[in-house]
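Visitor: The task is simple: from the sequences and hints, build the whole structure.
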Amino acid sequence: MDNPVGEQVKSGLLPTPGLASGAMTAKAVRPSRRLGWISLRISWYVVLTVFSVVLALPFFWLVSTSLKARGTEFLVPPQWIPQPIEWDNYRIALFESGLPFTTFLVNTVLITTFNLIGSLVVGSLVGFGFARLRFPGRQTLFLCVLSTMMLPGVVTLIPSYLLFKTFGWVNTWLPLIVPTYFGGGAFNVFLFRQYFLTIPRDLDEAARMDGASTWQIYGRIALPLAGPVLATVAIFSFLDNWNNFLGALIYLNSLDKMTLAVGLQAFQGVRQSDWNLMMAAATIMVIPVMALFLFTQRYFMRGIVMTGMGGR
Amino acid sequence: MIRSAPTGLSAAPKRRSALLRQEAIDGYLCILPWVVGFVIFTAGPMLASGYLAFTQYDIAFAPKFIGLANFQQLLFGDPLFWLSLYNTAYFTFLFVPLHLLFALIAALALNLRVRGISVYRLIFYIPSITPTVASAFLWMWIFNPDYGLANAVLGIAGLPPQKWLFSETLAKPSFIILSLWGLGSAMIIFLAGLQAVPESLHEAAAIDGAGVLGRFWHVTLPMLTPVIFFNLVIGIIGSFQIFTTAFIATQGGPDNATLFYVLYLYNQGFQFLHMGYASALAWVLFLIILGFTFVQVQVSNRWVYYEGGTDG
Numbered sequence: 001m002d003n004p005v006g007e008q009v010k011s012g013l014l015p016t017p018g019l020a021s022g023a024m025t026a027k028a029v030r031p032s033r034r035l036g037w038i039s040l041r042i043s044w045y046v047v048l049t050v051f052s053v054v055l056a057l058p059f060f061w062l063v064s065t066s067l068k069a070r071g072t073e074f075l076v077p078p079q080w081i082p083q084p085i086e087w088d089n090y091r092i093a094l095f096e097s098g099l100p101f102t103t104f105l106v107n108t109v110l111i112t113t114f115n116l117i118g119s120l121v122v123g124s125l126v127g128f129g130f131a132r133l134r135f136p137g138r139q140t141l142f143l144c145v146l147s148t149m150m151l152p153g154v155v156t157l158i159p160s161y162l163l164f165k166t167f168g169w170v171n172t173w174l175p176l177i178v179p180t181y182f183g184g185g186a187f188n189v190f191l192f193r194q195y196f197l198t199i200p201r202d203l204d205e206a207a208r209m210d211g212a213s214t215w216q217i218y219g220r221i222a223l224p225l226a227g228p229v230l231a232t233v234a235i236f237s238f239l240d241n242w243n244n245f246l247g248a249l250i251y252l253n254s255l256d257k258m259t260l261a262v263g264l265q266a267f268q269g270v271r272q273s274d275w276n277l278m279m280a281a282a283t284i285m286v287i288p289v290m291a292l293f294l295f296t297q298r299y300f301m302r303g304i305v306m307t308g309m310g311g312r
Numbered sequence: 313m314i315r316s317a318p319t320g321l322s323a324a325p326k327r328r329s330a331l332l333r334q335e336a337i338d339g340y341l342c343i344l345p346w347v348v349g350f351v352i353f354t355a356g357p358m359l360a361s362g363y364l365a366f367t368q369y370d371i372a373f374a375p376k377f378i379g380l381a382n383f384q385q386l387l388f389g390d391p392l393f394w395l396s397l398y399n400t401a402y403f404t405f406l407f408v409p410l411h412l413l414f415a416l417i418a419a420l421a422l423n424l425r426v427r428g429i430s431v432y433r434l435i436f437y438i439p440s441i442t443p444t445v446a447s448a449f450l451w452m453w454i455f456n457p458d459y460g461l462a463n464a465v466l467g468i469a470g471l472p473p474q475k476w477l478f479s480e481t482l483a484k485p486s487f488i489i490l491s492l493w494g495l496g497s498a499m500i501i502f503l504a505g506l507q508a509v510p511e512s513l514h515e516a517a518a519i520d521g522a523g524v525l526g527r528f529w530h531v532t533l534p535m536l537t538p539v540i541f542f543n544l545v546i547g548i549i550g551s552f553q554i555f556t557t558a559f560i561a562t563q564g565g566p567d568n569a570t571l572f573y574v575l576y577l578y579n580q581g582f583q584f585l586h587m588g589y590a591s592a593l594a595w596v597l598f599l600i601i602l603g604f605t606f607v608q609v610q611v612s613n614r615w616v617y618y619e620g621g622t623d624g
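Order-wise, the sequence lines are chains A and B. The opening position of the first sequence corresponds to residue 1 in the working numbering, with each subsequent residue numbered one higher. The opening position of the second sequence corresponds to residue 313 in the working numbering, with each subsequent residue numbered one higher.
Quick caveat, the hints were computed from the structure, so don't treat them as lab data. It is possible that some hints are incorrect.
If you want the footprint, here are the derived chain B segments under chain A, 3+ residues with CB under 8 Å [stated by the list, open to error]:
no., segment
1, 338-348
2, 354-368
3, 457-466
4, 498-511
5, 540-553
6, 592-600
35 Å max Cα-Cα, derived DSBU-like pairs, lysine-lysine [claimed, not checked]:
no., chain 1, residue 1, chain 2, residue 2
7, A, K257, B, K376
8, A, K165, B, K376
9, A, K165, A, K257
Fair warning: this is a prediction, and the values are worked out from it, not measured in the lab. All residues carry an ideal CB built from backbone N, CA and C; glycine is no exception.
Guide: Here it is, written out as structure tokens:
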């Protein structure tokens with residue numbers, strides 16, 4: 001159960017020699033086997049190609065439409081490569097759509113940043129407590145963390161709204177930010193705990209012998225070693241907040257407070273038939289996510305693997 | 313003997329227990345933010361929602377206790393409750409198996425050491441991190457009856473155009489198609505599971521004369537069952553809560569064909585301000601999801617293979 005996460009990660013996404021060595025054995029056996037292997041390999045390429053085309057096409061369509069001049073998105077049959085390429089769509093979507101799109105962008109960046117910091121600081125502290133310190137009730141409380149991970153968010157939707165309404169927090173960012181600072185998110189706590197469990201206990205014991213306090217161990221030993229999991233949590237926190245729609249929909253109702261997710265929805269109301277502009281606006285929301293993914297692929301994959309394997 | 317123990321030794325346990333107490337105090341301090349958050353933002357709202365489910369509450373006036381009336385109403389007097397449940401079940405039970413199947417095929421195709429496999433992995437994965445609002449926009453455009461990519465593709469195949477999201481019969485299948493686009497994260501979990509299958513097992517099976525399919529059926533698949541189980545549980549919990557895409561793309565239409573459960577709950581709570589009734593809906597959903605998860609866990613020990621015991 002408490003399988004060292006680091007190990008899984010190390011073994012997780014490295015290319016395995018699995019099928020390659022299968023080829024060797026097949027070669028050694030019989031010609032008919034070999035033929036079977038070749039046809040299998042070909043069908044593998046077919047599967048890969050079909051999947052790639054089907055999955056990439058919508059994306060291509062998104063970017064392609066976002067660059068089409070007004071009206072050319074309605075041509076039948078459709079133009080695959082826009083003629084002419086209209087970069088101006090992005091300027092219009094950002095500055096002249098009739099909505100404060102740059103405000104949405106700034107708001108989203110701010111909320112995401114606040115929550116990113118909160119989930120890193122608080123999540124790591126709570127995870128550290130569950131992983132490295134012994135206290136009565138620890139197991140039971142950790143079970144509570146796990147069960148909140150499985151809890152459908154909808155169940156607490158109405159009373160949370162009513163709670164924040166009594167606080168007078170509706171149409172502020174507080175309902176979207178404050179909860180992060182109280183717990184850091186169950187999933188993040190889980191990730192941190194699993195990671196801290198893999199750090200050898202001797203380090204703590206030795207530090208304690210030398211008179212280090214818990215907080216020094218947390219700050220000087222645990223955190224500096226937690227680079228990979230900090231990165232993973234940061235990425236997922238970013239994604240969650242960048243994408244958060246329902247929360248923003250319920251709590252934010254004036255344009256100057258809105259995030260991209262709900263702002264984009266408002267965009268739909270204003271520019272309903274300008275599909276090229278809508279696609280440009282959507283692309284603007286997608287670009288930071290893609291950029292983040294391209295630069296941090298390793299941590300992305302690790303995070304997903306950690307969730308999956310955590311469920312074992 | 314005890315009496316004659318040197319003072320140095322009797323002081324040590326005392327110091328040790330003081331250390332343990334300090335550790336426990338520090339432990340509670342570490343997890344304190346989570347405990348407070350859990351009480352205020354999870355457990356409290358859960359209980360409140362449990363109470364509200366038995367009341368009539370429209371925010372303007374204080375909640376009025378009405379016993380089981382909400383539940384009676386939704387079970388016996390509310391066709392939309394049953395319709396939304398049907399829509400959601402339709403979506404879940406078609407989407408989740410297809411999702412697992414395609415994600416598994418994609419993972420199998422990617423679990424091969426060939427040149428350029430990381431590019432394929434990128435293409436397969438990227439749709440799953442596209443922000444939901446952006447992907448909802450994109451798919452509304454793809455499914456556009458007059459100018460959409462979907463009908464263009466059908467046209468190339470010589471098939472008649474469809475109305476997709478605007479068709480009562482095709483609206484739910486359209487949601488399944490657009491949701492399948494995001495198979496990436498389940499795929500990565502499968503991929504990690506595939507790469508965790510020990511090579512020695514494959515070799516042993518190959519020596520025993522098992523072909524590629526035989527090894528897949530008798531080695532890979534059984535070793536993969538815990539990951540399949542995880543993706544199944546997570547998939548069902550997630551699909552029961554489908555909301556954002558439907559909210560943006562169809563608002564439940566045409567003729568309530570895509571009125572999914574959470575969308576209906578949202579309408580009841582935030583459009584009609586039936587907070588009590590919406591809380592009852594939330595609890596019913598919670599119980600349904602809990603029931604499904606429970607049954608899956610119960611049934612899992614018949615088909616899920618855990619290496620090294622059945623303690624999973």
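Visitor: Return the numbers of the hints above that this structure violates; sort them in rising order.
Guide: Per hint list: zero violations.
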